[in-house]
Structures are given as C-alpha cells and as structure tokens.
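Letter by letter, the chains look like this.
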Amino acid sequence: MKTPLALAIAAAALTVSAVHADEPRHGGTINTIIQPEPPGLVLGMIQNAPTRTVAGNIYEGLLRYTTDLEPMPQLATDWEVSEDGRTWTFHLRDDVTWHDGEPFTADDVVFSADVFHRELNPSARAVLQHIDSIEAIDDYTVEFTLDEPFGPFLISFEAGTFTMIPKHLYEGTDFRDNEHNNHPIGTGPFKFENWDRGTVIQLVRNDDYYEDDLPYLDGINWHIIPDGASRAVAYENGTVDVLPYGTVENFDIPRLSELDNTCMTEAGHEYFSPFAMLWMNNREGPTADKRFRQAVMYAMDREFARDVLWNGLGNVPLGAFGSNARFQNPDLDPYDHDPERARELLDEMGYDGEEVRLLPLPYGETWTRWAEAVQQNLREVGIEVRTEATDVGGWNQRLGDWDYDLAFTYLFQYGDPALGISRTYLSTNIERGSPWNNVEGYENERVDELFNEAATAFPDEEREALYHEVQEILQEDVPVGWLLELGFPTLYRCDVQDLVTSGVGVNDGFKDTWLDR
Amino acid sequence: MSFFARFAQNRGALFGLIILLGIIVMAILAPLVFPESPWRMVQRPFLPPMEVDGFLLGTDTMGRNVAAGLMHGAWVSLMIGLVSTLVALMIGVPLGAVAGYYGGLIDDGLMRFTEFFQTIPNFALAIVLVAIMQPSITSIVLAIAIVSWPPVARLVRAEFMSLRNREYVEAARLVGQSNATIIVRQILPNTLSPIIVLASLMVATAILLESALSFVGLGDPNVMSWGYMIGAARTVIRQAWWLSFFPGVAILLTVLALNLVGEGLDDALNPKLARERS
Amino acid sequence: MTDTQTPLLSLRHLSISLPKGADRALAVEDVSYDVFRGEILCVVGESGSGKSMAANAVMGLLPKGVYASGGEAIFDDQDLLKLSEHQHRTLRGLRIGMIFQEPMTALNPLMRVGDQIAEVFEAHGQLSGRERQQQALALLTEVGIPQPDKAIRAYPFQLSGGQRQRVMIAMALALEPELLIADEPTTALDVTTQAQILELIRDLQRRRGMAVMFITHDFGVVAEVANRVCVMRHGKIVELGEADEVLKHPRHDYTRALIEAIPSNVIPEARGAETDTALLEVKGLSKVFRSKGGLFKSAREVHALQDVSFSLVKGETIGIVGESGSGKSTLGRCVVRLERPDSGTLSLSGTDFMHLQGESLRRERHRVQMIFQDPYASLNPRHRVGYAIAQGPMANGMSKAQAFAKAKELLALVGLGGTDDRYPHEFSGGQRQRIGIARALAMEPELIVADEAVSALDVSIQAQILELLEELKQKLSLSLLFITHDLRVAAQICDRIIVMQHGRIVEQGPAREVFLAPREVYTRELLDAIPGREHELADA
Amino acid sequence: MLYLRLITMRLLKAVVVLFMIIIFNFVLIQLAPGDPAAILAGEAGATDEEFLRQLRERFGLDQPMYVQLWRYVSGIAMLDFGFSYRQGVPVLDLILARLPATLLLTGTAFVLSLALGIVAGSLAAARVKKPSGSIIMTLALLFYATPLFWVALMSVVLFSVYLDLLPAYGMYTVGAGHTGLALVLDVGKHLILPATTLALFFMAIYTRMTRASMLEASQQDFVKTARAKGLKNSVIQRRHILRNALLPIITLAGLQAGQMVGGAILTETVFAWPGIGRLMFEALQQRDYNLLLGIFFFSAALVIVFNIITDLVYGLADPRIKEGS
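These protein sequence lines map, in sequence, to chains A, B, C and D. For what it's worth, UniProt numbering labels the leading residue of the first sequence as 1, then goes sequentially. For what it's worth, UniProt numbering labels the leading residue of the second sequence as 1, then goes sequentially. For what it's worth, UniProt numbering labels the leading residue of the third sequence as 1, then goes sequentially. For what it's worth, UniProt numbering labels the leading residue of the fourth sequence as 1, then goes sequentially.
Because the hints were derived from the structure by calculation, they are not lab data. Be aware that a few hints might be false.
[As the list claims (entries may be wrong)] Think about it this way: if two alpha-carbon atoms lie no more than 27 Å apart in a straight line, the pair counts; the simulated DSSO-like pairs of lysine-lysine are:
| no. | chain 1 | residue 1 | chain 2 | residue 2 |
| --- | --- | --- | --- | --- |
| 1 | D | 130 | D | 13 |
| 2 | C | 20 | C | 64 |
| 3 | C | 82 | D | 189 |
| 4 | C | 236 | C | 248 |
| 5 | C | 64 | D | 13 |
| 6 | C | 82 | D | 13 |
| 7 | C | 248 | C | 20 |
| 8 | C | 283 | C | 473 |
| 9 | C | 64 | C | 236 |
| 10 | C | 20 | D | 130 |
| 11 | C | 20 | D | 129 |
| 12 | C | 82 | C | 236 |
| 13 | C | 400 | C | 314 |
| 14 | D | 129 | D | 232 |
| 15 | C | 408 | C | 473 |
| 16 | C | 64 | D | 189 |
| 17 | D | 130 | C | 82 |
| 18 | C | 64 | C | 82 |
| 19 | D | 129 | C | 64 |
Using the sequences and the hints, build the whole thing.
The following block contains the structure:
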C-alpha cells in the first residue's frame, strides 16, 4: 500500500515528533564564532575554512549533501546522467533570485563554472579538467559533458567548491577587484549585512528566499575572538550559542560540553573528513627508508593522542583511507603501538641516530601538544628528534620547499578518494610550492596507475577493486604517517534546533536552524 | 663595612638573594632529582597537585610531571635571562662607551642608531625577530638581546660622558695613555656598579620577555621553560589552575628576587644613595 | 654687646650624634655659646669641625640620622631642641631665617623668584596674594637686585650666583627674623661678589639690629664681619671671644695656626729667571666654545680666550689669576692640550705644541703635566696609588718594575713613603693632592700646570701643599704655571702674575708689583675685595 | 615661534627615522621565510602553479626586490600603504579602523598608570620606612614582576567567569545596538579589564620611578630652603619635591608610552580588543607584509608622536627650557 514517498513522509513526521516538541519557529538571531577571521567572503575566490563557514550561508551550490554524502536538491531540483556516464543534465529552480533581486539562471551556472572558477579556483579546477563543455540548454537547464566518466563528479557541487556567482555583477570585471567583493551577493538564505573587522560579521535573513518559510532565524552574528580561552568564556557567559569545530581548544571541550543546556554533535564534517597525517620526506635522510617510516608508525601511540589530546573523539585510521572514505579496504594489517617492533625495524635498517626535524602544525595548542607527544614517542624508540617551530608562513614555505623530515598536517577528503586521497600519493602531483600535494615525494608507478584508473572507472564496483589494491601497497610503503581521522565536534545550546543538517555542518546549515526559546 | 654587610642591610635584598639561590639550586639539582626528560608522559593527565605520591605539583595536559618541568625550566629560564643579558651587554657597553667617550659626531650617529631601535616597540620587534629567525633558544636569546641593549648603551654613554672629563681621566690622557686603555682601564671599571645593577634587572626583564614570547607561541619547542609551561597551560587554565599557577609563581618569584637583589646591589655599590633612600 | 644683655640664642652643652658608621660618634660635643641681639657671631672652623651642625639643630634641619643628644638650645626662653616639628616650623622663617652656601641649588629651579619669596609669607599665613608680591618686590629692591621688577618674574637660572644669594637673603629676611643664620653664604662666590654680599649682610644687620650667626671657614671673612668669634675643631670649641681679640692675640695654638696659614701680604722676593730662554711661548691664543643649539636653545658662542700672549722661562713660576669665567682654566687646559686652541701659537722649547694630534700628541704629552683641583676626582678610585703614579711612565715605555720603583720614590718625596699599595679613599684631601703632584712629577715634565691646586683644601692643608710645591720647585727647578682665583696665594708662590678677565689678559708683571702696586683698575678691585685684607694691612 | 621651530625640527628628524624604519622593516621581513602567495594558497586548502602565479603577479611579488621597495616607499609618500594581501583591503583602511581602539586602550592605560603611579609613588616617598610605604612598594614590585599575560588570564577568570562582573573580551556588546551614552558606557565596561591589566605593569614602573625621583629631589638644597621658610611638609612635598621629581618621570613616560603599544599586543590578544597590536600579530603570522610594514610604520610614528609630546610637555614643565636661550 504504502508508496516510498509516503514512507519518507511518515518517517519525517516521526522524526519531527520525536525530536522536537514544537514546530519550527521564526525569529531570533544566533551568535556564533568564526576563527580565524576570514580574509574575505567571496567563495570560489577564497576557499579557506572560515570563508566557507560564513559564506556558505550567503552563497549556494547546485546541490547539498547529507551526512552520508548523498546529494540533495538545492539550486538544482533534479539531475540525470547519460548511459556512458559522460553527460550530466541539471534542472534548476525557476524561482531563485540573487540578493540584489536579479533572477538566477543557467547562464549564471555556466559563467560560474566555466569562467569564474576556471580562472580563480584551484579546487574546482581539479574537477573542471575532466569537463569538456558546459552548456545552458535553456534558462533553467544546464548540461555538463565529461571527457570520460569521473567518479566523484556528483559530489563536487557543494557551495564551497562550485559556488554560484552572479554573472551580471562579475562578468567582464577584474574579479579580485570587483566592488561587490566587500558586499557579497549570493542566492543563499542569509544576506551579508556588516563586517566590523576584528569584531563581528553580521548576516541577516533573506526575506525573499525561495524555500517557503526558510530561514527561521533573523540573522547570524559571527564573533571574531582571537584568543581560545576568551572564546570559551564567550560561550560560558552566554554571548555565543554555537561553537563550530575548531573554535575552542580541545582541552576545553569536555568541560564545556558538561555545562547546562549544552549539546554536542560530531556530525557535519563528513564532507571534509579531516584526516591528520605525518608527512615523511621520502626523498632523503632516514625517512627515505621504508623501514624507518614503518618504525615511526609503530612508535607512535595514536590511541593516547586521540584519548588525551582529542578527548577520545575521532578514529585511529587503519591506513590511507579513512573510515568515512568510500572504498576502504578493511583487511589491512593495522599498525599498532609497538615500540619493540619499531626498535627492531630501526636496528634492521641500521639507523645511526641521525637527527630528524619535526615540524608541528601551527594551528593551536592541541597540535603543538601532539607534536610534543610524537617527539617523545619517537625518542623513546631511539629516534633523535628536533622540533622546529614555525608560524603558518614558515610552515607553508618549508613544506612547499620540502625542507623537513617529519611534519604534521591534516587534509580534507572531500567525500571521494579521487578528490581527497589520491592527490597525496600520485607522483604527477609532486610539485614544489604547495603544502597540499604529494609533499612527501612518494613515487610508485603502480599506485599512479591504480589511482588514475579508479578515478574514471565506472561503475563503483570496478573502482572498489582498484582502490583496495592501492591501499595494500600504501600500507606496506607508508609514504606518510596516518595519524587520526579527526572528530570535529560542534558545541551548541540544546535549544538551538536543526543546527547540522548536511555533510558540511554549519557551513550551510543555518538555513534550517531555529531557536526553541 | 664590607660589601656583603652593606648588601645584607637591605633585608629585601637578602630575601631576594635567598630565593634566587634557591632557584639556582633547583636548576642545578634538576637532572639529579628528575633524571628523566621532563617531556616524558609519566602519569595520567591533569593530575592535581599532591594527589599521587611523587607528583607534588601534579601533571599537565599530557601527564608530564609539573615538578620536573619546573625544575628543568629553572635552568632554561635562568640561562636565557643570563645569556641574553650578556649578549645585550656585549652590544650595549661598547656602543655606549664609544659614544660617550668620543662624543660629537660619533655619539650623534650611534645615538640615532640607538633611538631607532627604541622607536620600535620592544615586544613587537622581539616577536618579529623570533618569527623571522624561527623560534629556538638562539633566536630567542638574540631577539631579547637586540631589544634590550639600548638602555645599556644609554646608561654606559651617560656614565662615560660624566666620567670622561673626570680629572683622573684627563690625567691619564696627559700621561699619554691611549684612548682604548683609558676606556677599558680608567673609565669602564668605574661604570661597573650601575651596569651590574642594570644587568640584574635586565635578567629579570629577559625572563619576562621569554615567557611572553612563549605565551604567544614563539618559544623553543625543544626545551622546557616556564614561559612555555604557562603558554601551554593557558588554554586549560580553567580546568587545571596549577599548570599555569606554579610556573607563573616561579617567574614571579625569580623576577621579584632579581629585582630585590638588584636593589641590594645598588645599595651596596652606591652606599651614599642607599643611606639617602632608606 | 654687653654680657649683661640676655642672649637671643643660647646653646648650652649641646651635643649632636652622628649615625652609626660615621667617622666619629659626635658631630658636636658639649658646645656652649650665646648669640646676642645686634651682633654677628662668626662660627669658624675647617671642614669636619661641626661648625654648621649646631645651626642646623637650631633650625630643626638636621640631616636624617643626626640628632641632638644632649644639652639645650634656648631661644626666647624655649628649648628649641624640645619643640615639636609643628612648633619648630612656626619659628622657621618667621623668627629665625637662614641662608645657605650654594646659591645655584638652594632655589627651586621651577618656581619664579617672586613666588618663592611670597611663599615665606604664605607659610606663616601673612598678607594677601597681591601684598605678598609687592612685599617681595620691596625686598628684592632692598637687597639690591638690579631691575627688581623683572627679577621678581625671573626663574633662578636666569640670575647670576650673586643675585641668587641676594634672593636667598631677601627670603630669609622677609619676615624680619630676630636671628639670621648664614651658613657659608659667600664660599661659592667670586671674591668681588663675596665682598658685595658681605657688605649687604653687614648693612642689613646694622639696619635691622638683628642677630647673625655667620658660619665660615675663612678668617678673612671673620675679620671682615665678626663682632665675636667662636673657633671650632673636631666638634669642640677651641676659642671663643671678641673678634679683634681672637684675631690679634689668638690664645690657642690651633687658632694661631689657622690665622698664620692665611697667605700673608708679605710677598717674597722674586727669584728671577735662571735663563732667559723661553720654555713656553704663547702668542695670540684664542679659543671659542660653541654650544650646539638644542631643541629650545640657539647655538651660543663663548670667547674663553682672546688673543692671549705671554711666555714662561725655564724655572719660572707664573700665576694666572682671575675670577670664574675669566678663561684662566681654559688657558691652562690649552697649554696641556686638553683643549685645542683655535688660533695663535703655542710652543714648548721652540717646538710647536699646538698642532700636534693623535699619536704624535700622545708621545709628546709627558712634557707638560697638570695638577688638578679636586683631590677627590683626580685619582681613579679603583687603582692603587702606586699604580696611579706608575701608569704614566709605563704608558711611555718604562718597564713595570722600574715604574713602580719610581712611584715609591716619588711618594716618599711628597711625604707619603710606603703607601703605594693603598687605594685613594684611604687618604685625606691633602694627601691625595700630594699623590697628584707625585703623579705629575713621575713624567719628568718640562712644565707643570697647577689648576686651582689648593683651592679645595682647608687653609692649614693649603699652606702645607704650597710649602711642598715651593720645596719641590727649589729641589727640582720646576717650571710652573699656577692657576688660581686667589691673588694672595699667587703672590706667595709666583715669580710673575697674569691677571685675566673675560678671556683677556688685564695685567701681567712681577708678583710684587702686581700685588702691591697694581696698575689696572680691575686688579685693584680684586685686591680690595679680598676679605680681611684691610684689617691685616692695618695690622702689618 | 620657538615651538614652531621645535616642531618642524622634530618632524624633520621623525621623517628620517621613519624612512630608516621603512627600509629596516622591509629588509627584515624580506628575510623571513614564507611568501604571502604560498600562505594564501595554503589557506585555500588547494593550490596549483596558476593560482600562485596569479597571486604573485597581483601583489607585485614577481618584481625584483628593489622595485618592490621603491613602489612601497613612493606609495607611502602619498599615504598609500598598499594593499593587504590577505584581506584584500587597503592597509591604511585596516589600520585606521583598528587604530582608535588601540589609542583608546593604550591612552586609558597610560593615563591610569601615570596618575596612579605618581600618586602611589609620592605616597610611598612620603612614607619611607613606614609600613604603608613598604606595602605600596611591595605591591609595585609584585605588579612589576608578574607577567602581563598571566594577570590578564587570571583577571578574566576572576572577573568575568567567577564574578561575572565585567565582559571578558571585545570592545562592545555585539548586537546590543547601543548608541550615544549607552555605547560609551558599554565600551567603558569592556575597557576596564584590558586597560587595568595593561596599566598595572606600567603603574608599577611609574610608582617606583616617582618614589626614587621624589627621594632624590628631597635631597636637593632647595628643599632645605623651603623647610627653612617654615613651609608645611605637605606643601614642600607637593610644590617643591613633586614638581621637580616629575621632570624625569615625563621623560620616562614618553619612552614607556611607546612600549605600551608593544604591551598591547598581549593584552589585545587575550581580551580580543580589536586594535593594531592584535592586527600586527595576525599579520605577522599570515606574512601579510604590507600590513605588517604599515603597522610597524604606524607604531613607530606613534612612538615619535609620544616623544614629541613628551618634549613639549617637558618644555612646559621646565622653565629652564621654555625661557632659556
């Protein structure tokens, strides 16, 4: 009797009644924190985390993703793919307007993807290189043609990656000097209101938003507080209601999460799945020896780091693919904490006590502490370690110049190995100047082949087999140290409802949020 | 009255000296009392003081012994304070001596140079220098020295200017002593007491400066210093007060002791002033 | 001044204690003397005699740690030593006024002169603001300040030393006190100014009929102003009596010694030059000091020396006499080449001594040496005196052993044998001056310049040093350029005298001539201003 | 007239010093590792050569160093401090936006520390050897010896968290929409903790300095003269001793006022005060050269302005300078 649709509705109704006592209500402004202060708010021009977090509520992409990384309609209502997996057609909503009142059409999509992102956006370029053409079929239909099937194509339409930029304001201008950069215009549920540098960024409700009733909130204030302890105080004394991940130090989380009326969720980071790694320079020094790298893996007490430094949040990874990643191979031999084994490996390779330099990640206290713990772990198996502190600039430079032996980092996985994982191991991705490519200098032809084939293989079963094989090779070679799949918790007052409704969390989640006050 | 008797007349100075000696003993005994690295994670994290035997001051965020860190840190803090002061003296004393002794254009030039360094706020310059050289003991010591030599140069210059026309200096010139001999043998020994007093205060300031640098994350990551301990404990100040409290008190006491000793030295080296001041 | 009168101030068995660690326990021991209305009592003594202490006790201005430990000081039937600070304060300025030695520092540099005088009235709640200013003006007129209407608005730094001392006197006399205490009020002044201030004090005292307690170290001043004298030594009274009596017939040896130590007016015969070859020849010497313009100041030029010419023959002693600012010290410093003259010539035994520079100057320096004024500043406190003397020869290439042996010899020569391993602070002022002389001699110089070499010493010591110089002159046939502000001292030791004023030579000639028959007005003024000279001349 | 000449002379000197500072900083920062394009690229989380090339070209980083320096110096001559690489806003705008906050903070702290320091110092000088004097000096020594940031942290914990009396951070209550007097009061409330914290250390300095200077002044002959006049002790302390003792304090205060800008880095960071001290630290970490140079320039200029003011005040206070020449 029951159609799937009815089922869904029933389930939704059930969820609603179970979780909320009330219907969503309008009104109220939410106070939260942005850390660090973003350099600008035009997504696509700037892709760093704080820009994504704020501007994801101003701009939108064609799709959103659930916490299981399934696509949801946003500006596109539905989409289809051709048999050969090369042609994708998106149907757009016809009732969308930009914040300045102009209608949003297929031309904007073509402009954004083909012109704007091609010129400015390196992470979009990684996808765009697989796209032959983008055409507006009519005002509300867009067709993408790929040169060959590309596995992660459909996962690339998140607001922060393929941001929709208003063609009528940007076409023909110098994008970086466009006057609208200081007053971003998007299609999103919130409009830019004010940015008092060093203090606050304020967004207000978009009254003309196309989805009925949404958003519920009158506005969002993103407070800018540079000191971690002060940010914790801001939450404690009630100034802010939401602490997005990364805004308070991990040591504060247990204490804060036990405060009255405080809830915590780890959901909302699935799209990024931040994966902490230890770069090991494969080119020279002791780290060039596979056995040394294996010894490092055995020497590190990753459970300790997770439990003490990350409050037990997150997951010690098996290997190169995180547990959230698609196509993880569960049958690999794990690297457990085994100092004895590490010493054996070091003896075997004849490690002579040559000093290795360790670069911590200059992103706050937890990372500094972590580097200290790893340093101590390594010293205890007999590795001479010297920590070299750098600031963000120095860290970028040193990694870009490959001037390190061991270095902390974390990378986003972007939902698909072809976007987030392969970039770290492909030898074609060895290039000076960037801290995000194959920085360790790992070269393995077989690995290159497997990753390249898997990216364009179709359908998924074929991809899985290829990815499983590559994981076995990586597990043996240990090009980098796999430290932790980070759990980035979001803390909020329990009366803030529907805060995290997608795989990017608060980055685009405030449109559904309402206050039960 | 002997030097020490005059020094000991100032009860504060005596008190300061005792504290300082205590801290020096701490620094020297550290490797004996805690032979293991202070970085070693030895107990469960966030152990409050006096809860477990052998962990008088508790453990830190990663289960490292605070008492061990404090004792090893004494050595580091004192060394940074001392060495950076010595380096600052090595820059400031010759500059000030030459400027004050020769006067004229040389003085003008050197003083413009000194003023130039004083025009940039100290702490800002120190931060920039450490960041550029990358944090390490050497860069921290250098940065502290570079921002703290101008007062030395000014003091030495002033002393030299007031002494260079003293009759015994003129007498030395008249008997044909060379300028270098006059600077080193006639004038310099007579400027030592104010320099010693200033130096004792500079050591204190250097320790404060080092802790402030560590606080903003520019400490040497390889050594356990008090500044580092506070910087590291700052984020957990709410749940583990003892982590920033003990090193904070240690800094406070050291700086206090050095100041008291400085005052005592001043009294003992300038007995006339001391009588007026008391 | 009859003994039947009740004294205004009466000190009875006064003792004053010094703080622990001082060189003696009591600054003043069992001292009794009276001061009567209408008289000037001179308390005279050398440094360390405790002569000022009693006055300070009377004023309630004893330094910290010093206190009256016995006796009493009766002023108008009350014991000043027993007064509370408040009671004492109401007496100060109102009934007892005081003036001090250093006119340069005794006035608040940040307050206008008029306001500082007006403060005296304010302190005792007298007169209204306007009246105070008027009164201040009247006082300034009375003490003879030029342009009192301007001076009243001036800051102390704008006045000369003598003018400041007049302001101090105006302040002390503002409320017409019955007793004026003058603590060495003229010591820091030039001799001509000193004469004027002494005259002023005497004049005011007579007109107002007040009592003056005048503290001084100078018997000349005593002769000039005193009705009665109280001679002190080591905190005790040596002799007390009528001024004439004490001066003419000192009963105590110490008093006699002091009076005898004053250079007399009897001038020894000039010895005459041994040769007539000029050792030092100075021609048309000029020196200008330029102060660099500061932020608020414009650059200033001072012509310290203008066209100075003279010559000194080997074995001769020439005295350069002048008041402060006359350029006499600059001349001395130019001769030893601590300063470089701007123009003129300066030659030593025929060699040009003026254009030497750097290393060549350093090599020639030993030929001219200097004896300095301040015995406390002229020896490096960190060097043993043997080394202080030896370092000169060593710098000129003598071996260490030889130099130290020589130092020992010279110390013996100046009467300090066996003291070469002591530090300067272990010596008295006079002894240090002897060491300074030994240091100069160590270089075996052709010429010695003595710059105010005895001015900082007590008269008795001064006499000894002069004697030593005289003796050395004979023994070593020294050539000496003797710079002093004191014509009498110059006349005692010099063959010839040069009188300087404003950087120029006013008069030069044989000592006897200049002293007894001066040709120039200025020289005569200088001579007339010497305190007590008329008195002595009358005696002689 | 005199003042006019003074000011022109000082300004000329200031221009020379500032020029030296520009060159010095420029060279210094060029020596630093890390180039701003790489950092921007790093922050973006993804890069390729094209992106870096675009950035470098845009900021003129592809030019030789002397060209960069020349552009910068000639820009400053026309009050153009360039563009902030990271924030995409003219440097001058960023600094001017933050400058008032810093001036408010340091100005308040300065006045507070100077006033309290002088009062406490004179009290301590007048009560030498008495317990109250010793207590003041002990406190001053404690404040002097306590790390600034530590006091800041402790005061946040005490006053904002446990007592909930004062706001812990920021300059005003965001979203409260205060205007007029309410805004002034709001900012005032936010100012209390940072200004007091910053002031404590400097207050300790001024207290000690005042006391020493007063004791020295009280040894002067004119104090004895004043006492001989029969003046009350309080009048002597105030009119004679304090006035003379203030002269060296003015000089010191001028020097310290500049150092306060440095101290403000710590205070502004802990209290999230939106001033240039904090901006500087952020700019440094992000290698935002133009911004950093701009801030250096401004803080040096601030120090120079303070020094000129000091000279003028000194000139007013000391008649020997005012009426000299």
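Here is what the structure says about each hint:
1. D/130 <-> D/13: 47 Å, violated
2. C/20 <-> C/64: 12 Å, holds
3. C/82 <-> D/189: 56 Å, violated
4. C/236 <-> C/248: Distance of about 22 Å is within 27 Å: holds.
5. C/64 <-> D/13: Violated, because 47 Å separates the two Cα atoms, which is more than 27 Å.
6. C/82 <-> D/13: Violated - the C-alpha atoms of residue 13 of chain D and residue 82 of chain C are around 61 Å apart, more than 27 Å.
7. C/248 <-> C/20: Judged against 27 Å, a Cα distance of about 40 Å means the pair is violated.
8. C/283 <-> C/473: Status holds; Cα separation ~26 Å.
9. C/64 <-> C/236: 22 Å, holds
10. C/20 <-> D/130: 21 Å, holds
11. C/20 <-> D/129: Judged against 27 Å, a Cα distance of about 18 Å means the pair holds.
12. C/82 <-> C/236: 22 Å, holds
13. C/400 <-> C/314: Distance ~31 Å between residue 400 of chain C and residue 314 of chain C Cα, so the pair is violated.
14. D/129 <-> D/232: Holds, at about 20 Å.
15. C/408 <-> C/473: Holds, at about 20 Å.
16. C/64 <-> D/189: 47 Å, violated
17. D/130 <-> C/82: OK: residue 130 of chain D and residue 82 of chain C at ~23 Å, within 27 Å.
18. C/64 <-> C/82: At roughly 17 Å apart (the allowed maximum being 27 Å), residue 82 of chain C and residue 64 of chain C satisfy the hint.
19. D/129 <-> C/64: Judged against 27 Å, a Cα distance of about 12 Å means the pair holds.
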